[in-house]
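**Q** Residue numbers (this note's numbering), protein chains in the order written: chain A, 1 to 358; chain B, 1001 to 1172; chain C, 2001 to 2400.
Among the clues, some could well be false.
[Said to hold, decoys possible] Calculated lysine-lysine pairs in the BS3-like style (CA-CA distance at most 30 Å, straight line):
{"id": "1", "chain 1": "C", "residue 1": "2205", "chain 2": "C", "residue 2": "2300"}
{"id": "2", "chain 1": "B", "residue 1": "1160", "chain 2": "C", "residue 2": "2195"}
{"id": "3", "chain 1": "B", "residue 1": "1157", "chain 2": "C", "residue 2": "2075"}
{"id": "4", "chain 1": "C", "residue 1": "2300", "chain 2": "C", "residue 2": "2323"}
{"id": "5", "chain 1": "C", "residue 1": "2352", "chain 2": "B", "residue 2": "1100"}
{"id": "6", "chain 1": "C", "residue 1": "2226", "chain 2": "C", "residue 2": "2300"}
{"id": "7", "chain 1": "B", "residue 1": "1080", "chain 2": "C", "residue 2": "2226"}
{"id": "8", "chain 1": "C", "residue 1": "2355", "chain 2": "B", "residue 2": "1157"}
{"id": "9", "chain 1": "C", "residue 1": "2352", "chain 2": "A", "residue 2": "151"}
{"id": "10", "chain 1": "C", "residue 1": "2226", "chain 2": "B", "residue 2": "1100"}
{"id": "11", "chain 1": "C", "residue 1": "2308", "chain 2": "C", "residue 2": "2195"}
{"id": "12", "chain 1": "C", "residue 1": "2226", "chain 2": "A", "residue 2": "151"}
{"id": "13", "chain 1": "C", "residue 1": "2308", "chain 2": "B", "residue 2": "1160"}
{"id": "14", "chain 1": "C", "residue 1": "2252", "chain 2": "C", "residue 2": "2300"}
{"id": "15", "chain 1": "C", "residue 1": "2205", "chain 2": "C", "residue 2": "2195"}
{"id": "16", "chain 1": "C", "residue 1": "2207", "chain 2": "C", "residue 2": "2223"}
{"id": "17", "chain 1": "C", "residue 1": "2277", "chain 2": "A", "residue 2": "337"}
{"id": "18", "chain 1": "B", "residue 1": "1160", "chain 2": "C", "residue 2": "2223"}
{"id": "19", "chain 1": "C", "residue 1": "2075", "chain 2": "C", "residue 2": "2207"}
Quick caveat, the hints were computed from the structure, so don't treat them as lab data. All values derive from a computational prediction rather than experimental measurement.
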Amino acid sequence: MGNSLNAWSDWLTGFSPMGIPLGLVIIAAIPLVFIALYALTYGVYGERKISAFMQDRLGPMEVGYWGILQTLADILKLLQKEDIVPTLADKFLFVIGPGVLFVGSFLAFAVLPFSPAFIGANLNVGLFYAIGIVSIEVVGILAAGWGSNNKWSLYGAVRSVAQIVSYEIPAAIALLCGAMMAGTLDMQKITLLQSGPFGFAHFYLFQNPIAWLPFLIYFIASLAETNRAPFDIPEAESELVAGYFTEYTGMKFAVIFLAEYGSMFMVSAIISIVFLGGWNSPLPNIGGLELNAMTSGPWWGAFWIIMKGFFFIFVQMWLRWTLPRLRVDQLMYLCWKVLTPFAFVSFVLTAIWVIYVP
Amino acid sequence: MEEGAVYSQHVTQSADAYAIIHEKFGDAVSAFDANETMPFFEVIDLAQWQNIALFMRDHPKLRFNYMACLSGVDYQAEGKVGIVCNLESLGELNHRIAVKLKCDRTGGSIPSVSCVWHTANWHEREAYDMYGMTFSGHPDMRRILCPDDWEGFPLLKDYKVQETYHGVKVPF
Amino acid sequence: MQELDKAGQGSIRVTRKSANVVVLEKDLATEQMVLAMGPQHPSTHGVLKLECLTDGEVVTEAEPYLGYLHRCFEKHCENVDYPGIVPYTDRMDYLAGMNSEFAFCVAVEKLLDIEIPRRVEFIRVLVAELNRIASHLVAIGTYAIDLGAFTPFLFCFRDREHILGLLEWASGARMLYNYIWVGGLAYDAPADFPKRVQEFVDYFKPKTRELFRLLTENEIFVKRTKGVGIMPADVAINYGWSGPMLRGSGVKWDLRRNDPYSIYPELDFDIPVPDGKFSEIGDSLSRHLVRALEMEESLKIIEQCLEKMPSSEGFDPRAAIPKRIRPKAGEVYGRAENPRGELGFYIMSDGKSTKPLRCKARSSCFVNLSAMKDLSRGQLIPDLVAIIGSIDIVLGEVDR
């Protein structure tokens, strides 16, 4: 197990005694899910602390030092809660809704290169897969909203589906700009093409004067895709009580919540891979001081991509706690009349740049 | 108004307004009560109330465009219930006057003026809710604060609270 | 072109384009859905129920149902004496207890026709204006939450906390004060009170600008509220609107100026009305704007009160309180400018009893809310929320 590209994941894939893919499932996938879950619970903690500091409060302070164990206590509480299924709900849809949602948001994790040496599934259409698999979430949301047999849930679900499906168009076109610059859909290769001795200067965002446009478009669209403020109209608590998860309690509620944080990290990771060099270190080599070389490698790579992801999660939280919410029609206006045309413009400009500018 | 007495400005303003109404409607309205705290007159001919209200709202020298308050009152000694309307010309002539109307305690009815002042809509519903007089011509004569199936009219002086409401003991 | 099927399930339009091309168009059959918004709903500000008829996201009609918080204020009034009513008035508009007490005392004092010591008047105005700021802060904060912005809400509550602290110091209670009594005050203001109030004014002045930058001038906020729920001035007057609601429609009407009571004629302050540049006159944004600007005017009033207040030497806040409050027979309609509009009390005394024969509270929220049915017609659900928020109802006052 060396440190070369995909070395760890290749070894894990090969480790299958008696034909059972032990390496990929037992050693990689299950711990990864748990690590992801653990990180996401700390996403919840982070959100509470960040919002608290923005609002002149302290946030959770009681459980553990500075409330560090608060989310664990919350999970424990949610596990003990009664799992209520409304009498008139469509039980099947009601139960599978959160599951589909959760699976949908975590399936994309398979193609995220977490380190130069590790990627769950090194697909040559990784980016395409990541864009496509997110749509499964829509099914989960619709199932949850329809199955709850609650008018507010239905409103939330219908809004959410309309929103996610619409925003996938500018999001996908914006990501295509990145793929065009790389000339591949392979996530690992896209990342690799952005490495170099000058750190951040090799990132696509700084390689191409047009790239900031698809970058911004994708960032805005990703906010809408993950139902984050200012586009959180599907769960707009002042309008629709809690949107499509109004009727959920206990662990199902927690699963929906985790799925939301999962997709937050997912879109943040995708934007950092396509535009900000994924696991590449942003630090440049300055003369003899080889900062870039010092901060590269499998472990550093994992550190960088997670940090970049957390940075974008932080920006998402920052926006959420600052901005009011858009109205449904304004949201659609923004998607179809602003973001989509600009996405096409940036697509054409990027194509021109890629073809005519070396 | 008594001769020779000194009245403050707002009472004389109200008296001037009353004079115009009295000239038009004559005996349909009572004499003017020029007290300092709330100068008022009473509408005796209830059937004229809607016309008086419209006249008061639209006459260029009256312009009572704002109904500040409409309160139901129980005149137990007279065996009547009534309403008191506090009217005002907001932003135009800035004078105020109060109008009183009375009807029978049981089954009494007063013409509604909710088409003249929208404010009266909910206030009349409230007066009905509390005193039991109906307002003829009101678009939506239902109880407003009490539940629809509540018994009796709570603000009448001889009101006795019902024993139970949907199996729940009421007085406690 | 002709219409064929009109049997409920939408209609089919048949258009003959040419000799052998016929286009069939079927309208989507839509069915209206009854949506019960409340009494437990986050944005009805308490226990208001709106029964909405919705066509998709569009509300075709919303009928308000009240009474969930009805606590028989008027019946209680007929059974307690005048000083005993004051605590009940606190519980009507629980966000502006001082103003409610003030209005009631103004009404009773008008009926009693008694002289109030000047220092009492100054302290009354001071605490009432402080309470007005606190109340507007809640209105603005909850409005921000209705539109999805959380942080302004907590900023508002942080600043309101300072005011509640000051009022608690003066009266001993945080929200239900029982501080302004008929003819006087419960206690004199504490010794350092003016100094602390001045500190608060100095602290709060920059905060009003901060609130403007964070919320009022926010592009999304403006987009959500501008042109939503427009109420023309004449209709607003006909509905009996008052306070910031009426001023939002462009009518410069403030009881502190137009029907002056207490020492307001001596004080210098403006009545903010929207000029139609930043907002459309009469829309939700105007109403919000009026509240935001009014807080600055209240700060002005507070500073003048601190400046002009007579000293506390030899001052007894209860000196002018009659031993036995028994007004002469008569009626009065006394009113004062509450943060939510005109709060009036119609009081009828028989001249014999120490209890009023009839005490009716003209609640500003009750009257303002009655326009809801008209305002809500044809609005989207998010706009409906924006309109309810801009009306700034306190259900304690609506239902009494």
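**Q** Compare the structure with each hint and give your call.
**A** Quick rundown of the hints versus the structure:
1. C/2205 <-> C/2300: Status holds; Cα separation ~10 Å.
2. B/1160 <-> C/2195: violated (53 Å)
3. B/1157 <-> C/2075: Given pair residue 1157 of chain B, residue 2075 of chain C holds - Cα atoms ~9 Å apart, limit 30 Å.
4. C/2300 <-> C/2323: violated (36 Å)
5. C/2352 <-> B/1100: Holds. Residue 2352 of chain C to residue 1100 of chain B sits at ~22 Å (cutoff 30 Å).
6. C/2226 <-> C/2300: Given pair residue 2226 of chain C, residue 2300 of chain C holds - Cα atoms ~28 Å apart, limit 30 Å.
7. B/1080 <-> C/2226: Violated: residue 1080 of chain B and residue 2226 of chain C sit about 49 Å apart, past 30 Å.
8. C/2355 <-> B/1157: holds (13 Å)
9. C/2352 <-> A/151: violated (57 Å)
10. C/2226 <-> B/1100: Violated, at roughly 42 Å.
11. C/2308 <-> C/2195: holds (14 Å)
12. C/2226 <-> A/151: holds (28 Å)
13. C/2308 <-> B/1160: Outside the cut-off at roughly 52 Å; violated.
14. C/2252 <-> C/2300: Given pair residue 2252 of chain C, residue 2300 of chain C holds - Cα atoms ~18 Å apart, limit 30 Å.
15. C/2205 <-> C/2195: holds (16 Å)
16. C/2207 <-> C/2223: Holds, at about 23 Å.
17. C/2277 <-> A/337: At roughly 27 Å apart (the allowed maximum being 30 Å), residue 337 of chain A and residue 2277 of chain C satisfy the hint.
18. B/1160 <-> C/2223: Outside the cut-off at roughly 53 Å; violated.
19. C/2075 <-> C/2207: At roughly 42 Å apart (the allowed maximum being 30 Å), residue 2207 of chain C and residue 2075 of chain C break the hint.
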